[in-house]
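Following the hints, put chain D in place on chain P, whose structure we already have.
What follows is each chain in one-letter form.
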Amino acid sequence: MHQAQGHLHPLTWTIRRSVGIFRSMGFSIASGPELETQAYNFDRLNFGSDHPARDMQDTLWVNRSTGSGSDRLMRTHTSPVQIRAMEEAWTTPPVRLVVPGRVFRNERTDATHLIDFYQFEGFAIDKEITFADLLGTLEHFAKEFFGQATPVRFRPSYFPFTEPSLEMLAKLGDRWLELMGAGMIHPNVIREMGLDPKIWRGFAFGFGVDRFAAVRYGFGDVRQLYQGDYRILKQFPGVGAR
Amino acid sequence: MKVLISWLNDLIDLGGRSAEDIAETLENLGHEVERMTPSGLPSTIVVSQVLEVKPHPNADRLRVAIVDTGKTSRTIVCGAPNLEAGQKVAVALPGTRLPNDLTIEQRSVRGIVSEGMICSPQELGLSEDHAGILVLEADRLIGESLSEGGADTVLELAVTANRGDVLSYVGVARELGAKWSTVYRLPSTELKLHESLQVDAQIENPVGCPLYTARLIKGIEQKNLPATIMERLKAVDHHLYHPVVDITNYVMEEFGVPLHAFDADKVSGPISVRPATSGETIELIDGKTYQLEAGMLVIADATGPIALAGIMGGVRTAISGETSRVILEAAFFDPSSIRRTRTKLGLATSASYRFERGTDPEAARQASDRAVALIVRYLGGQAGPRIEAGQLPHTPRVPFDPAAINDRLGTDVPASEQETILSKLGFEVEEGSVTVPAWRHDVTIIEDLAEEVARLHGYDTIPRTSLHTVELQSNPHDQRWLQIEAIKDQLVAAGWTESIGSTFLSEREREMLRIEPAELVKLANPVSEEAAYLRSTEYLSLLKVIAKNPIFPDLKIFELGTIWNPDERTVLTLAWTGRQPVSLPIVETSVGSSVAQELLNQLKIRRPVMLAELPVEELITKVKEPKPVFIPSMDVAFRPPSRFQSSLRDVAILVDKSVDPQAVADQIASIDSVVDIELFDQYSGGKFASSQQSLAFHLLIEHPEKNLMESDIQTVFDRIILLLKEQFNAAVR
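Heads up: the sequence lines are chains P and D, in that order.
So for the first sequence, numbering that gives the first Met the number 0 puts the first residue at 0; every next one is plus one.
So for the second sequence, numbering that gives the first Met the number 0 puts the first residue at 0; every next one is plus one.
This is chain D alone, in the form it adopts within the complex:
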């Protein structure tokens, strides 16, 4: 839900609060603000009054206007045919950058200096209309920024699936009003009706449409809507289609009720609301024809379906430039019915989105009146009364027990305060129960009331208490987890490194591993080619790790996870470089078989690799008394590796026995580009002098911003040797 602050300000007094404050309030009420973006036209586009219009002395098609821009009057050259003295217009002052990136400067036009530009709707980014200038409402104030205040903001709310009532300006204002104890205003629905304008409708209420209203409007003229309405729709990312449709979108944003307008002259016979029969089709305004299933709700005329109820309108009765009579629909559709239909047809729209989440049934009436008021006011015409079929759904009563609510929350909110909170939210509080307002489809039990009390009172006011201490009670799952983790600990102690790889195999990988599709469990709706099957082996993920790390000489890796062959099983799989079988802790015999050369080639692994797979259930039986599982008490100081390739080099030196290997490692670490040092050999005696020892280190060398060349690495190496000679009198072996 995109909330334009200046629009919101029409419904509730924001009390000078900043957009950030409003966002924080909404988040603390449970409505996440995903994004805040500045909105509006530059403040240097100002409302001005045309004082005088004269022909341009040197150009037939141009005229010269004197306009009052508030602080001064300016001369502006203008070619628009609809320019007239007395109009209120939008003037872009010199220095203004328009939405189309054009910057306005003072300049001479055929000998007359033009001090700004009078804008068309297109130049303001409001619509495609470039036939003439935008004429503003007569009551706009001269000198004011066209865009409210100039510094407007759009808050993008991620409204949770249970709060369809917040998908509207009325809904947002209501939430804020409850928190701030401020009254909110509904948009004005004042209108004058022509009782004789009766819409031709025959509506019985089928399942799926508890309330349906329709009315007739005639004599609609082709006019532009006021700039404010167009700007607001654009600011919340609505496209502009046709003024009647734009008004229905505007009112949908205000009240949260999607409306639909039919071209009355294209509707044949009375309209009805009914389930489709199997085999019916409808061409919708998205240009596609849909096959309808029996039961899908449609609006229909004598010839057939004219709209997919609550989802999208049909092409045959769509509003167009020729439309002068409109049938306006406002209804409450059952959320489940809309959701079922739209998922079956794969058709989600901003209308279905709202209906699925539950609209306010009563607001359908208000929205209909509001739309009529706007249409008649800005597009002319006359409107008839609403006809209605069905009735407002019954609003439930929920038991209300303040003590029970405090008990569940662990709070002490006084009963009177709980009552105040609930009534500010629109609940009718009685003795022992509340009546839920029509717009809240999500409140049915007392636990829902507890949430209302907690969120309005503020989650920051809730105490943070602890559970009482209990003794840990193990159980068979717990025992199994401990046994499995004990196996991992034993492997790690024996030099093995744990890996975790993808659960899925692609089609290509299945072929590479020569596994028959029939042996595998297949995904029904794979998100990509990469995830077609559930893996029946961990071999591939381990081999990929070996392929990815060519610089490390001896790799011993394992994965202990899930495979499906085709039943779900836990297995331990090991992969190591070389040709030797290994003996593992726990297992009596040594294990390992060679990986086929063809597979190594396909994975670009250039050394021999051995694999072994062991079912975990068997291994667990051999772990009688698991040693306490290693629980890290301290944390790792992790250093993200370079995005570029690293090199592994060994350095072996001869130093005095008294030298501490850690001191040597620390010195090496001080050299740039050396990111990791590991002592892998420490040896004295044998052919070395008795006062000497041999130290050998693996060095990991990398650069954060580039691949190091061989010459760079050699430079690093030379520096290390020099340093060690100086510091420790070391000789390189």
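Bound-form chain P, shown alone:
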């Protein structure tokens, strides 16, 4: 009698698939803390301290035991790891890294919004990387993930840490859905990494893993991913799944 297999969580499943696609393009993994500082989460990513861009990501602040106010927060995105990774001894450019990780937002939860969820970040730094390389890389990823026939398009957007910036949309079923944000890393951020922006360029991208899973597998409500319904969990196989 065979031992019944257990199951990987659908988010792990989605992350593994994404990691696999980027690994074949030479991207290895980096990681960072979930409880972050304002410096790594905002300041060093070119969010000016008085800029309305800070309103784009509602923050969960953490109490400090001393002092007034709080400069510790739950990271609102995985982008802080771009700076942290480049501070490690083992990163000298050129660099290709992906960062799957948990992030946190001060939002009212509903069918498409969560307080804590997963993002998948990635960035590449080299001497001659172009915006066209970014578009091509993201299109390749989207087609590997959703199917080779998936139409993909891009439109301009805004993030403080990239310039130019973009949003990628894919046509899934009969609807165009926004899937991820990306852009050429802003020279101020390249400088924060300790690199000369006249020599080094890069691109960065990020997407919500929960949203990908919801879109891919037809979850009407992203909260289902965290509610532990075993009828859902048991549908995602593990090692050696047939």
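Since the hints were derived computationally from the structure, they do not count as laboratory data.
Accuracy of the hints is not assured; some may be wrong.
Claimed, not checked - Some chain P residues near chain D, calculated using beta-carbon distances under 8 angstroms:
1. Leu10
2. Trp12
3. Met24
4. Ala29
5. Pro51
6. Ala52
7. Gln56
8. Ile82
9. Tyr157
10. Leu171
11. Gly219
12. Tyr225
13. Leu232
14. Gly237
Said to hold, decoys possible - Just some of the chain D residues that point at chain P, by a computed CB distance under 10 angstroms:
15. Asp199
16. Ile499
17. Pro631
In this text, a Cβ means the ideal position worked out from N, Cα and C, and glycines have one as well.
Quick look at chain D alone, frame taken from chain P:
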């Protein structure tokens, strides 16, 4: 930013393009259209001319009007006191459904048949005025729909935080004009001034206000604004307050510059712009009194602050029905200063929203002139010249190198084309640099110019190239990830199921788990009661999963995630039903301790559960050479479960050894309501005949639209048994 297409059409020739086309163009320029809603009054409300007015023979307070509605003339009974022959009025034809849901029909009123209704502003949803009918401008065309074309649309733009310049009709027209190579028109600012009307102001320019203008308008009368202005304000969700205030809102939408009007007769002494001193207070028009901090920018008179600069006006000098003299302010306030003040006071307004994102300093002058032109034209009065203090901020020059731009983008846009794009956007192109237009606070470096070139040229024209191939280089983080995922794979292979639960604990949950608050990291601004602390254990999320799945007999679940006790740590936590410790792959000893009955009761778990927690750092050291982590190459065909409860039932049958269990499973699957089948036992020998085998299946039974009753489930079961007997000669055990 809400864009009413017919209003936009005043500033730029839309060339007959549909709302959808315009929306697509804006999105491809980087301005997302969140919503498109139809707008405007029904097309059966038409501009008409009153030809004649007679008294009603049978009713003292009513009169009978003959109106020309374009195609014919109609008789309409009307009670309004301000009805006069010669007026242009709005007639709702029979069949029209008004905004208040009233449907107009032809009907007899005291013996005279009335063929429609002459409307008041209130009936048209424009304002509360129901004292008389709405009188239209004399130059309106008879027979035309009151609402432009009748089929208007509002595009709701989600403008990004860096593009304050698009928060106006001028800004939107400018973007479209650049893309379509079409010239846009500024709203008319033609006006006649009375030089002797000098405003009493003493303005030195404090930090936070690079440019301030003010002027005096006197002799303002109480009149209604034209229907078009009122309709447009309503269409973009502005409330109507007072005609002077409504005009300032209208001009704010046009130019993106918030204006403020003070009742000049309530201002004592010269107005000034200055930082508040600590301890000053001001009562604003929202009815609240605010304590000001030193440095917050205020407009003040001799008595004290009269407005919170760029954010909201004070009550003392507010415009009212008695106002006949106005001081009109138009300024450029420093974005950071406005943002700091409004966040400290918790007061965000449509004015602060625009100032924070950077308004066009030069447009402040144009907006002031425009507002005056509209006030004098529609409300009467005379206006004096603008006095100004400060100066327009210096506009930066940014290096411009077309080759470098192509290099960054990976494109081949010719230099001449790049120059054309930038000049259409208002940049002054010189040799090697461009001067940034005053309304663009977001362009400071060449990378910003690259974005302008790319978005106007079109992101769809940019090639999609690949990175060159490189060999994967691992690193310590990468190694750690592989080791952690290898642990998960081993657990899954041993029958464990991964769960992911909430990072947070509520106050109630903390009590339930008997954890002292001092042991936990607390959120400073929890969004709800549910998220008060960072969890110091994964126990609760796992127990919740067990509580949620009572129908599944043997649950073995784990979570490998982050806790704070109080430092951030990665732990592996396992929970399983039963009373037996388990031996895990990797760990030498068996683990597990029982969950306290009290906790099980609180979570409504009706069976024993064991828990174990293992620090991940230790486990990783035992994973020397991680097996390649399982990367799914194919995908799962996921079936969302029913919103209703499912039932798990077992069926065990005896069949011939030659029968394939998959064939049996397939047959069972054909029965409605059976959504999942799992073979959990296959056995031959022992007490069974040698030609026979025993097969046992878990069946998951559910219905998408209802809870299945016991009798329904029994019916399903009977059908299965019958089917298996027929197909496989199976006997139920």
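Q) Is the shortest C-beta separation between Asp199 (chain D) and chain P less than 10 angstroms? A) violated, 33 angstroms
Q) Hey, does the Pro51 (chain P) contact hint survive, CB to chain D under 8 angstroms? A) Result: holds, 4 angstroms to nearest chain D Cβ.
Q) With a cut-off of 10 angstroms, does the beta carbon of Ile499 (chain D) approach a beta carbon of chain P closely enough for the hint to hold? A) holds, 5 angstroms
Q) Measuring from the C-beta of Gly237 (chain P) to each C-beta in chain D, is the shortest one below 8 angstroms? A) holds, 3 angstroms
Q) Does the nearest C-beta of chain D fall within a distance shorter than 8 angstroms of the C-beta of Tyr157 (chain P)? A) At 4 angstroms from the nearest chain D Cβ, Tyr157 (chain P) passes the 8 angstroms test, so the hint holds.
Q: Using Cβ atoms only, decide whether Pro631 (chain D) comes closer than 10 angstroms to chain P, and label the hint accordingly.
A: holds, 5 angstroms
Q. Can we keep the Leu171 (chain P) interface hint, with Cβ of chain D closer than 8 angstroms?
A. This hint is violated: Leu171 (chain P) lies away from chain D, its Cβ roughly 13 angstroms from the closest one there, beyond 8 angstroms.
(Q) Does the closest beta carbon of chain D sit nearer than 8 angstroms to the beta carbon of Gln56 (chain P)? (A) violated, 11 angstroms
Q) With 8 angstroms as the cut and Cβ atoms as the points, is Leu10 (chain P) at the interface with chain D? A) It holds, given that the least Cβ distance between Leu10 (chain P) and chain D is near 6 angstroms, below 8 angstroms.
Q. At a threshold of 8 angstroms, is the proposed contact between Leu232 (chain P) and chain D supported by beta-carbon distances?
A. holds, 5 angstroms
Q: Under 8 angstroms, Cβ to Cβ, is where Tyr225 (chain P) needs to be relative to chain D, so tell me if that hint holds or is violated.
A: Result: holds, 6 angstroms to nearest chain D Cβ.
Q: Please verify that hint: Ile82 (chain P), Cβ, nearest Cβ of chain D, below 8 angstroms or not.
A: Violated. Min distance 14 angstroms.
Comparing the model with each earlier hint shows violations of hints 7, 8, 10 and 15; every other hint is respected.
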